[in-house]
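Protein chains: 2
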Amino acid sequence: MRALAAASRPLFSDLPSLVRSWLPPHSFKTFASVSSSPPSDLDLRNQSRGGLPRFFSDDLPSRKGGVVRVQGSEFWHMAKVLRLKQEDRVELFNGKGGLVEGCIQSIDKTGVDFIAQEDPKVILPQGMQWQMFAAFGTLKGGRADWLIEKCTELGASSVTPLLTERSSIISENRVDRLERVSFAAAKQCQRLHQMVLNPPIKFDTLLDHISKSKLCLVATAEATPLLNAVNVRIESMIKSFNIICDFTKKEVEMMLEAGGTAVGLGPHRLRVETATIALLVTLVMWSDSQETV
Amino acid sequence: MRALAAASRPLFSDLPSLVRSWLPPHSFKTFASVSSSPPSDLDLRNQSRGGLPRFFSDDLPSRKGGVVRVQGSEFWHMAKVLRLKQEDRVELFNGKGGLVEGCIQSIDKTGVDFIAQEDPKVILPQGMQWQMFAAFGTLKGGRADWLIEKCTELGASSVTPLLTERSSIISENRVDRLERVSFAAAKQCQRLHQMVLNPPIKFDTLLDHISKSKLCLVATAEATPLLNAVNVRIESMIKSFNIICDFTKKEVEMMLEAGGTAVGLGPHRLRVETATIALLVTLVMWSDSQETV
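Chains as they are written, first to last, in the numbering used here: chain A, 1 to 293; chain B, 1 to 293.
This is chain A alone, in the form it adopts within the complex (with noise of 0.2 Å):
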């Protein structure tokens, strides 16, 4: 079973001894846990703005000069989308934190060859890190793929599905498909890691996680708007925890008294996947403006 806390950082301004400090993910066991990213000298923040094409590689040279095959759609986007020709600069990116600056060393019609011309760096994740949880088992229609899709592009660190009284299933295949469903799109959106798909957890679980989380944000309807909420408890809000809607009325007034924080998100009645996006999508910008503070 896969952690279920991935490595996060708080970036708050007012905050920079928390920014600056590291502890390695290890270090902790659930999504109570908090963990940070040491400085580096890459501004990563953006991790896909401006700089060199970058492309993904499941290998990556082991070092300077090393050669790596690329095919496949990355190939296709690199030489036929892009025209990129014998010599121009790309970096490669593996989906587990591995980044490499190179140039193509040759290119033929099945694929290029890319030389290193650095040593691969291994980053660690950056900004504020959000575990989403949701009850998406019985989503249909391309629903959960589609959640699963928005929440890897949109940078969750990890997404667990919830077996609550209305969607106490999912299935072994759907999971394998979502596993499919976030590689791909972590490749697209190059992402530096790739987000974690959790195994499943009970209801009984998602309590004794919130009783031991510093926030969790629970989305309700008539709660405080989401924005004022993460304004307020900006101070102690050190990772986020997102649960959504979907829940009977006890379990939400059992979220509560675990401690979860109840958020709303707007005047309109939100599908389960739209209001995981929402979620997300908000804490996403609402930490985008934080950061330039």
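Hints listed in this document are in silico derivations from the structure and should not be mistaken for laboratory results.
Any given hint might turn out to be false.
No copy labels: a pair is met if it fits in one copy or bridges any two.
What the hints assert, rightly or not - Dumping the calculated DSBU-like pairs for lysine-lysine here, alpha-carbon to alpha-carbon at most 35 Å:
| no. | residue 1 | residue 2 |
| --- | --- | --- |
| 1 | K202 | K109 |
| 2 | K250 | K80 |
| 3 | K64 | K249 |
| 4 | K64 | K140 |
| 5 | K64 | K214 |
| 6 | K140 | K187 |
| 7 | K85 | K187 |
| 8 | K140 | K96 |
| 9 | K202 | K214 |
| 10 | K202 | K187 |
| 11 | K109 | K250 |
| 12 | K80 | K64 |
| 13 | K109 | K85 |
| 14 | K202 | K121 |
| 15 | K85 | K64 |
| 16 | K202 | K64 |
| 17 | K249 | K121 |
| 18 | K214 | K85 |
| 19 | K212 | K64 |
With chain A held as given, fit chain B onto it using these hints.
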């Protein structure tokens, strides 16, 4: 050709006079326009929170005591999902602002007869109105459907497809399909007003609209984070006008010259449909947080 602007009502807490004022929608032409809805004795801000269970019906009773029959999926939801019985109180809405309270007069195997217990109301659009513009004519894999469904669900007042250098066409078939998607979503999320899907416009027309509009948010990389931009521009922000990525650099420059405001959407590279929804979600949540200050 449908109007490009839906009625707009800003709900800034610091602009109470605007909130209360009323200008009929037809007094304006393009989406440089602003209009507001009249005061109402109903709390309609939360269009789908609390209150009676609400169901869609094309036809509403014309007055108190009138009866209409509800069948199909709405009947299914009433009778099978919520297990409503004879004499249970419900509301019917028609997606054009019409809303009426009443109860189930009788119920049989194929539908229910609904009897109005009051005269129907016609509700004008509430809250801030968001006009979305995005180049989604060439999106594949259901992404355009998804964009339209989520814009509808999140309360956008209109969506206009843009014809740009990179996305120069949108087929008639696709427009028909998107109309159906929007209609289904409006029913599902119980919007009192259906979203308007405008005819596609070309880039030149867009520039013209931008130059006439009070505030146009243009999503671009490396720009001021969205929430910082809207917090600064709150006083002049009467309506929103969203233009999404997948533009060439030259197109972005032209939009900014025409008066667009560049806004950033965080550190990740987002697909067109994700960027559109990210902008809309954030503005909806921001608006929600302003209304309760």
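Can you give the numbers of the hints that this structure goes against, from lowest to highest? 1, 4, 5, 14, 16, 18 and 19
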